[in-house]
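The residues making up each chain are set out below.
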Amino acid sequence: MPREFRLPDLGEGLTEAEVVEVLVREGDVIAEDAPLLEVETDKAKVEIPSPMGGRVEKIHVAPGQTVQVGAVLVTFADAAAGAAPRPAARAAAPAPAAAARVPAAPAPPAPARAAGPPPATPSTRRLARELGVDLAAVAGSGPGGRITDEDVRAHGGGGRAAAAPAAPAARTAPAPASPGGPAKPLAAVGLTPPALPRFEQWGPVERVPLSHLRRTIAERMALSASLVPHVTHFDRADITELEAIVRGGFEAARERGIYLTLTSFLLKAVATALGRHPHFNASLDPGAGELILKRYVHLGVAVATERGLIVPVLRDVDGKSVLEIARELAALAQRVRDGKATLEDLRGGTFTLTNIGALGGTGAIPIINYPEVAILAVARGRLEPTVRDGQVVPRLLLPLSLTFDHRVADGADGARFAADIVGLLENPGRLLLGL
Amino acid sequence: MVMGDLVREVDVVVLGGGPGGYSAAFRCAELGLEPVVVDAGGRLGGACLFEGCIPSKALLHAAHLIGEVERARELGIEFGEPRISLDPLRKWKADRVVGKLARGLTAVARGKKVEVVSGRGVFAGAREVRVEGDAPQTIRFAHAVVATGSVPRPLAGVATPGDRVMDSTAALEVPDVPERLLVIGGGYIGLELGQVYAALGSRVTMVELTDGLLPGVDRELVQPLGRRVERLFAAIHLGTRVTALRETDGAVEASLEGRALETFDRVLVAVGRRPVSEGLGLETTRARVDARGIIEVDAQCRTADPRVLAVGDVTGEPMLAHRAMRQGKVAAEVIAGRPAAFDNVAVPAVVFTDPEIAWCGLAEAAARAAGHEVKVTRFAWAASGRAATLGRADGLTKLVADAATGRILGVGLVGPNAGELVAEAALAVENALTAEDVAATIHAHPTLSEGFMEAAEALLG
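Going down the list, the protein sequences come from chains A and B.
Going by the working numbering, the letters in the first sequence line up with residues 36 to 470, in that order.
Going by the working numbering, the letters in the second sequence line up with residues 345 to 805, in that order.
Okay, chain A solo, but in the shape it has when bound (with noise of 0.2 Å):
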């Protein structure tokens, strides 16, 4: 019996991925973990290595197409006549889990519907086109499944914010610090954009497609921006002692291949003052109406590569030194620009730092990268007057700003977090003793 391996499901809301390249051939026996192909996911390219051994009988991919979760990849012969290892060691599972059930059932895509245009008139479908619903994706209401526009306009406001269901089973204790009523879920958000103007009226323009990237930072902006009441509080650190200690250390550090950095540093005082303000490191589940905060700092780091931004994610901050985030950020960050990073890089992150700094500016207000409730933005150090025991003295300040989710905060909660990592930034040794 042939044995197909699917598109494993990628996590973190990922459901499509699109194929780079493959790296076997139709007719090749290939040993189980062996690189089958790359794909290129969200924010990431990822090699997917073959949950199975054996002879590859059928590549159903081609590079550049884009595929959905549970489609099938590629087609082994049949265990036998293929030159194959056995089944049965398969005992470390390999990074895909989807993956591992291997022969049985085929995962039906979607809606169980037969293949071919969704059922729906010309007038419903151009308006799932206008708001840009994808007609596959809609269950129809109608006689005999037909779609509706009501089914259209449904799907397309707010289905996805309200799609998350409340599972609220495993949900770790402590309840968040104002409860009081049964949790309610929220309104669900949904807008859509309204035509474009023609644009040929002034002039030619021209239509390029945006790329994977690109259309998914713009939908998680867009998310983010329309679902989250942001609220901005801006404040400015003194580094000047900090600046000292970087740069004394630098050489010391660069010496033992590490490269040290003023964002390393942020990072250490950012995680330690979310320690001190849960809040800050936490996601809303607005289908339960409970605050979810998490037990563990792990720290999106905003990197800007040729490709588009992408936030790769650094673990446990809260528990390294400032030289093991220096060395695991530097690393991080060499995989992001190279195209290397894997997806456990790139997502369970829970608060991002922006660093605009090497840039220039003087401050910038960022969107939150959802379902995260915070990010920190840092601009340009510079020295400016600043008066000090009735002196006016040159220091280094640092501005930041912190935004934040509205719904989750309010403004001096901000103010205190803010305050808290300021206060660090400006106390090298607390921030280096984590105090």
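Among these hints, one or two may not hold up.
Stated by the list, open to error - Under the rule of at most 20 Å between Cα atoms (straight-line distance), these lysine to any residue pairs were calculated in the SDA-like manner: (1) B:K457 with A:G179; (2) B:K457 with B:A680; (3) B:K401 with B:G545; (4) B:K457 with A:Q236; (5) B:K719 with A:P152; (6) B:K456 with A:Q236; (7) A:K329 with A:V348; (8) B:K719 with A:G179.
Hints were generated in silico from the structure; no laboratory data involved.
In this text the structure is predicted, and so the values were computed from the model without any measurement.
Dock chain B against the given chain A, drawing on the hints supplied.
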């Protein structure tokens, strides 16, 4: 720049004035864009109006009259033998049918301020079309729509000497009524024109390469037509290849595989049509043309070049005027930034023979191949009151529906007026109607359209 070389700028240049081209141009004008149509003949209508659908239907009407006169004998009405004068027939076809419609299109174009430039349009990059012809000029455009259509496909591997071997364009001119006509190709063009010439008095021999007439069409629908042409034609050779044609002294000798040499007065080659994509300078744009000469387009009729769109026969099968017209409108709306798509489910097809054959949506086999659990019902027109009054009982309405939902996936029809009846079927399929929707809609009695309702009722059980 050469003296006298005119350069102009437009929003949209449309190459080809056929149904796809003029539909695109008209819709562009309605949407406030300035289009210019470049057409080799300097006129609107294309192959459809001047050498295809329209003149063939005019001649088929004549053939139909002759057929009805013969049938009238059964009713006790005698007109005697028809005497056919080709000059008035050709003049009627050219002036009263084609000419009238062409003048109508010209008037519409004037009303919509759509200019038609005479000449051959050739791309010089994705911003310019050079027009070669009486009034050479360069047209700079924001968008271009390629609607250059198709031409009759020549017979592969067989030389076709002299004007006794005709393509469909030549045959529609009816140069004479040959005593013996060989029709090569048992597709819709060969069958339609074969019936015309048979009605006018030719002894028609048809040769078809595959083992059935109208390859690809539901056999059940082809059967009644097959029975009719067996009586009407002198001979039909299926599964037969033409290996050589030789013009000899006012006649053509044809070698048919496995048969003795036969002599015909004329030969009609009707083995399909091929897209016109060569010599258009498409290589100077990013548009991609496949090995068969078909321009590749997406659902928005866009080629791989963001400035160049293509519609109609030049984008491949089905090569039908009404598909081109819909694509033309889609292309115009896409250019205007509207969310249009050529996502049609039902492209009706009609063979205007006697009896007519028409279908839309999925045939039974295709529906099964697409993964549907299907239910098929039939209504034989022998039970239709209206068919009886017309003296025709050979019709059939066949309905293919999804077994689970009752949704109508496809409809096939054979019988008089099938080409008109398929309109309702297309409406049903395109709008995803169920058999119940159709069964509960009142159909006028007695009409042939009742067959669709009957077939739908049969499906409900």
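Checklist entry - Taking each numbered hint in turn, which are not upheld by the structure, reported in ascending numerical order? => result Going through the list in order, the structure violates hint 1 alone and respects the others.
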